[in-house]
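Chemist: Protein sequences appear in the order of chains A and B. 220 is the number of the first residue of the first sequence in the numbering used here; add one for each residue after it. -13 is the number of the first residue of the second sequence in the numbering used here; add one for each residue after it.
Hints are computed from structural coordinates only; laboratory data are not their basis. All figures in this text were calculated on a predicted structure; none of them were measured in a lab. Any given hint could be a false lead.
These stretches of chain A come out as covered by chain B in the derived footprint (C-beta under 8 Å, 3 or more residues) [unchecked claim]:
1) 260 to 267
2) 292 to 305
3) 500 to 507
Glycine residues also receive a C-beta, built at the ideal position from the N, C-alpha and C atoms.
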Amino acid sequence: MDNRHHTQPATSVKMEVEIAGMKMKNPMLTASGTFGFGEEFADFIDLEKLGGFIVKGTTLEPREGNPYPRMAETPSGMLNAVGLQNKGVDHFVNEIYPRLKRLNTNVLVNVSGAKIDDYVAVAERLAPLAAIPAIEVNISCPNVKQGGMAFGTTTDGAAAVTEAIRKVWPRTLIVKLSPNVTSISDIAMAVEDAGADSVSLINTIMGMAIDVERRRPCLSTITGGLSGAAVRPVAVRMVWQVAKAVDIPVIGLGGISSGRDVIEFMLAGARAVQIGTANFIDPQVTVKAIDWMEQWCSRHGVTDINEIVGEI
Amino acid sequence: MGKKNIFDALLISSRDLSERYSMLTLRLPDSIGEMEVLPGQFVEIRVTDSPSTYLRRPISICDYDAAERMMTLLIRRAGEGTEHLCNLPIGAKVDILGPLGNGFTLPAAGTSALLAGGGIGVAPLMLLGKRMRQAGVNVTLLLGARTADEILLLDEFKAIGNVAVSTDDGSLGEKGYAADNSVLNRRYDLVCTCGPKPMMVGIARKAHATGSPCEVSLENLMACGLGACLCCVEPTLKGNLRACVEGPVFDTSQLLWEL
Ligand SMILES: Cc1cc2nc3c(=O)[nH]c(=O)nc-3n(C[C@H](O)[C@H](O)[C@H](O)COP(=O)(O)OP(=O)(O)OC[C@H]3O[C@@H](n4cnc5c(N)ncnc54)[C@H](O)[C@@H]3O)c2cc1C
Ligand SMILES: Cc1cc2nc3c(=O)[nH]c(=O)nc-3n(C[C@H](O)[C@H](O)[C@H](O)COP(=O)(O)O)c2cc1C
Ligand code: FES
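Isolated chain A, as found in the complex (with noise of 0.2 Å):
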């Protein structure tokens, strides 16, 4: 919280980005699932402030999730099996959308499901949301049984259920990839050929935790997934692969703590970034990120933020 003061507003840096139409005041969104609906936050931060944020996996009908223990601290990072416990879309349309929809940030919904239909029948229900610029379909949950991850793990299960959501989806269609796989940019081209406008990466990387002292698992699924700051060499190398690999533009986000990491994925070749397990340890992490990366240009002559793009 210091650091901001000592620092000076950088005015001229052009910080806009855009994602096939969906145009970001700058690249900083939030991680589907580390951030609630966005409100969960207000008391923090000016959430109009972020290029945009992305709400909790939703699914054609509620789901409870997976039983409790769903959390382990690991080092740097923590596993979670939450299991995309979500109210619903109906709920979301009805209930949450009506608070968001005047918001002026992006507010884009993360998409899951178990069959190919399923998730063709969320989006077709956010389809008539005017203020939704985007869905981000999540092929690459490791959470749940069925669906979620397995259509994240092949190029044609990842392309089926891209050119399924394209037919119903009329605006911009960014598809979440898992990094448990062995050549992601493979999954990548098969998703852009199906008809995504942009990727977003990485998911969680499946993991596990063991509490030796009482010789159980310590979640109750036994495996979960992997996030914050452990996971971001792997994602940097990722995102960089899949950025040489595709033409649409790549949304980096894994272990993002800080200005600096996202500098890092820019540089690597994302066009915008998410933040997700830091902002449980800094609420404030995302505005404080925009900050610094102002900063960052105007130390290095950068006028516009996307000249850095790629740059490796």
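Since chain A is already given, all that's left is putting chain B with the ligands on it; use the hints.
Modeler: Then chain B with the ligands, alone, in the frame of chain A:
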């Protein structure tokens, strides 16, 4: 619920109550203005300079003086994060998020309440007891621990109401578990409990048997403390609810515990 704040508080005293427990007193900065705290609410503390502590640590607000801008925390050395907090030097800045969660019900004047705490679970009962006493509630306290030297803040609790004690080894009060203490044999208008889960279940069963409404404060593992991650959920009649927002205090009639 009031506004949530993030601020650096100043550690002005740190006192070891026993080998494993410390009491920290913090002064809040003027910058956050007036802050309302409900008994049972907690804060999330960022433990800096402890590389193995990545996430914030949830800690109950043990006592709070709005006029003096003082907050007291009672901390048990459970692992690296809490160890680090207990060892902080006076004058250290402590990064705090809060107040968080819902808090206990404050019953009407003239009613009776039993506040039962086991081990570190006595922490939220201090502010709760004080507020109840101010509100004219007839407060009985039940403190449980393994041995006499882990019975914390006994004098402070005696200033609030009648205190009953249970220790596993009988070194103070009744010998045995808190849930078996004889003060639980009568009805109260409200029973509030915080402590290890088996103790809370035992207390809740007794409350149920005497027809006393019962509220428990859960210590579910938390990642964000803000309602954003859904890691901390507790199964209830209304589905999985977040212990950090709809809790940590729940009415046992809403939980799926077998009572
Ligand atoms: C709402 C709430 C209020 C709390 N109030 C207090 C309080 O007033 N004073 C206090 O000392 N502690 C309190 N706790 C527990 C405290 O948060 C944990 O003891 C602490 O997070 C452990 O961190 P650590 O780094 O020291 O230990 P770790 O190394 O993380 O863990 C050490 C041991 O503590 C256990 N532990 C970890 N997290 C929790 C948890 N959330 N609840 C119970 N055990 C845990 C672990 O299973 C492990 O066995 C509260 C927890 C919650 C959820
Ligand atoms: C508690 C939690 C819940 C998550 N829920 C979702 C979700 O519903 N949908 C999704 O696509 N990703 C979900 N994720 C993954 C994040 O959006 C993100 O991809 C991942 O955490 C890596 O970024 P980070 O290291 O910045 O957190 C979740 C992550 C966490 C920690
Ligand atoms: S700890 Fe994140 S929702 Fe409760």
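Chemist: Kindly indicate which numbered hints from before are broken by the structure, ordering the numbers from low to high.
Modeler: The structure conflicts with no hint, since it agrees with every one listed earlier.
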